[in-house]
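Residue numbers (numbering that gives the first Met the number 0), protein chains in the order written: chain A, 0 to 269; chain B, 0 to 394.
Careful: at least some of the hints might be erroneous.
What the hints assert, rightly or not - Restraint ranges, calculated between C-beta atoms of paired labels, are given here:
| hint | chain 1 | residue 1 | chain 2 | residue 2 | range |
| --- | --- | --- | --- | --- | --- |
| 1 | A | 262 | B | 292 | 42 to 48 Å |
| 2 | B | 155 | A | 237 | 27 to 33 Å |
| 3 | B | 385 | A | 142 | 56 to 62 Å |
Derived by calculation from the structure, the hints in this document are not laboratory data.
Remember, it's a predicted structure, so these values are computed and weren't measured experimentally.
Note that the Cβ used here is the ideal one computed from N, Cα and C, for glycine as well.
Residue-level listing of the chains:
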Amino acid sequence: MILEQTTREFRTAGRKALVPFVTAGFPDEATSLALIRAAGETGCPVVEIGVPFSDPVADGPVIQQASQRALEQGMTLRRAFDAVTAAREHGAQPVMMTYLNPILRMEPATFAREAAQAGCAGVIVPDLGFEETGILRPVLADEGLALIDLAAPTTPDDRLARIAGPAAGFLYLVAVTGVTGTCSPVAEQLAAFAGRVRASTDLPLYAGFGIDGPARAVSSAEACDGVIMGSALLRCFLEESDSAAGLERARTLLIETRQALDDAWGGIEI
Amino acid sequence: MSTSDTPAIDGRFGRFGGRFVPETLMPGLIELEAAHRAAQQDEAFQVELSGLLRDFAGRPTPLYRAQRLEAELGHRLHIWLKREDLLHTGAHKLNNTLGQVLLAKRMGKTRIIAETGAGQHGVATAATCARFGIGCTVYMGEVDIERQAPNLQRMKLMGAEVRPVDSGSRTLKDATSEAIRDWVAHVESTHYIIGSVVGPHPYPTLVADFQRVIGQEARAQILNREGRLPSHAVACVGGGSNAMGLFGAFLDDPDVQLVAVEAGGSPGEGHASSLGRGQDGVLHGAMSLLLQDSEGQVAPVHSISAGLDYPGVGPQLAHLADRGRMQAVSATDEEAVAALHRLSTCEGILPALESSHALAHLAVLAEDSTADLVVLNLSGRGDKDLPSLQGREGS
Numbered sequence: 000m001i002l003e004q005t006t007r008e009f010r011t012a013g014r015k016a017l018v019p020f021v022t023a024g025f026p027d028e029a030t031s032l033a034l035i036r037a038a039g040e041t042g043c044p045v046v047e048i049g050v051p052f053s054d055p056v057a058d059g060p061v062i063q064q065a066s067q068r069a070l071e072q073g074m075t076l077r078r079a080f081d082a083v084t085a086a087r088e089h090g091a092q093p094v095m096m097t098y099l100n101p102i103l104r105m106e107p108a109t110f111a112r113e114a115a116q117a118g119c120a121g122v123i124v125p126d127l128g129f130e131e132t133g134i135l136r137p138v139l140a141d142e143g144l145a146l147i148d149l150a151a152p153t154t155p156d157d158r159l160a161r162i163a164g165p166a167a168g169f170l171y172l173v174a175v176t177g178v179t180g181t182c183s184p185v186a187e188q189l190a191a192f193a194g195r196v197r198a199s200t201d202l203p204l205y206a207g208f209g210i211d212g213p214a215r216a217v218s219s220a221e222a223c224d225g226v227i228m229g230s231a232l233l234r235c236f237l238e239e240s241d242s243a244a245g246l247e248r249a250r251t252l253l254i255e256t257r258q259a260l261d262d263a264w265g266g267i268e269i
Numbered sequence: 000m001s002t003s004d005t006p007a008i009d010g011r012f013g014r015f016g017g018r019f020v021p022e023t024l025m026p027g028l029i030e031l032e033a034a035h036r037a038a039q040q041d042e043a044f045q046v047e048l049s050g051l052l053r054d055f056a057g058r059p060t061p062l063y064r065a066q067r068l069e070a071e072l073g074h075r076l077h078i079w080l081k082r083e084d085l086l087h088t089g090a091h092k093l094n095n096t097l098g099q100v101l102l103a104k105r106m107g108k109t110r111i112i113a114e115t116g117a118g119q120h121g122v123a124t125a126a127t128c129a130r131f132g133i134g135c136t137v138y139m140g141e142v143d144i145e146r147q148a149p150n151l152q153r154m155k156l157m158g159a160e161v162r163p164v165d166s167g168s169r170t171l172k173d174a175t176s177e178a179i180r181d182w183v184a185h186v187e188s189t190h191y192i193i194g195s196v197v198g199p200h201p202y203p204t205l206v207a208d209f210q211r212v213i214g215q216e217a218r219a220q221i222l223n224r225e226g227r228l229p230s231h232a233v234a235c236v237g238g239g240s241n242a243m244g245l246f247g248a249f250l251d252d253p254d255v256q257l258v259a260v261e262a263g264g265s266p267g268e269g270h271a272s273s274l275g276r277g278q279d280g281v282l283h284g285a286m287s288l289l290l291q292d293s294e295g296q297v298a299p300v301h302s303i304s305a306g307l308d309y310p311g312v313g314p315q316l317a318h319l320a321d322r323g324r325m326q327a328v329s330a331t332d333e334e335a336v337a338a339l340h341r342l343s344t345c346e347g348i349l350p351a352l353e354s355s356h357a358l359a360h361l362a363v364l365a366e367d368s369t370a371d372l373v374v375l376n377l378s379g380r381g382d383k384d385l386p387s388l389q390g391r392e393g394s
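Okay, chain A solo, but in the shape it has when bound (with noise of 0.2 Å):
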């Protein structure tokens, strides 16, 4: 697959991947684009689009509210294939981020084609179990598409074995026990998790939740192959008072800590 040639070419370059993630359609459906474009500019390899839903169980006030205002000016799991293909122009691998529901509704194997038209590489379900995958993992391998695994510090090692087994593209590492954007993972735990999930699987694994800046994304980044920014990016156009300052703010985040990570690990340029 396409993804995971992806994140193995850019660990075997010894760099850590920087994935922003960003809600389509907030604060609105341009400035999102324009964010996407952003990411694609700083060299973000992979780029995380997160489609809105009603009720985001795992997600923390920053991602619930910037969900809402995204419905309120209604994004759809369809319109934000535009956001995809946004991705895929700018240089970057496009991984869509939706709850299970919405899927459910296009029906999985419609939505897959039709992700895949758009240029989607893989996708991440936060609420679809391990054991649920049947109903998605397959529809997408026919499209070309990875089902992104997810796992977390309370997952038992028999269990990550269990998921590392089938899962392609990158390994997901819930990074804190909690929701996104709420407490922010401590190195050493986060290193620990990571060589649990290690002896399972050389896949290359991301780190997401709680990542708040470049420090933490150095910090996080030591114990894995990349991390994923996505409140903090966010956070950026609910604290500044227009789309503007607000893109800027979260451009300027994003190319900081991409350079705190090329300085840290001193990357070759691509």
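Got chain A sorted already, so can you dock chain B onto it with the hints?
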């Protein structure tokens, strides 16, 4: 396929049920499932629970024949009310919270969280936690805090921390989402007492198990008093715990018609009839019938009753409706309020607005030639609804 009263090992009821939660919660759910299984086999657990149900909760509850109500409805029906409103804290919810707190203790959990709509589950949780000296946090939507103010006071008096929820529709759905988020962050120390037969496996099975006592008592009581089974068993349905509690004992009695009465709402404001008008979907951890829009977003719902104001329904009820074993009907806000007034004046019993939806359906059964003997779950008392009723009279 398994029969409806013996839930499948994987928590499936036909195509409904399952476990759709963030990975962080999965080990907690597996642990809970194991603890529940072990408790079912453990005589000491059962003895402790039945002792609490008798001495703390006040079981068995009476089965009461409402003869003046029968006369009011034309003398054709025999109407028996299962008086869960007389249970300690004023509703059937205590059956479940007692069972779950005992489970939490066995699992070594030190903190309890719960969601509440009408506040009855919150009060039952608060009372149970006070009884056991365990810390308790209850999530309640701001809309519900306003319309069920007496229950807010009761929870606080019993030492619970009540956290208002201001997201989304600010009702039961959002209180549930917020409780799930709390649980995701504290799953290792905290037990989440879901108040209905909803949520990821094993909750629908576990809550139905603890509520089954309602139907077991009612079945024995009606056989004792009338010498036969009822033609109809009737209960209101939000998530469905009082309905599953009553219906559980009659699933293998095909001649007993099971009737689930949902919130029909009001013409201007919508409804909450998930069984009648929902489509397959996943919310709060289970596949069930769900009120949703064409994009798969959860739809806004409305009921005058905070306990029925929920866009989903328990997966076992969805399955029973789907295979035709249970009939799903609805009563409007107005019909429920009228039924509340009728029972109050005819029988001197003030029912909860939730239970009043079930009572409203008696007027339909009074015209139904197949109905002659009805057992209705009077799941809660209506003291908590006085602010809503006063507001309605004033408008």
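Q | Those earlier numbered hints the structure runs against, lowest number first | A | Hint check: nothing fails, all pass.
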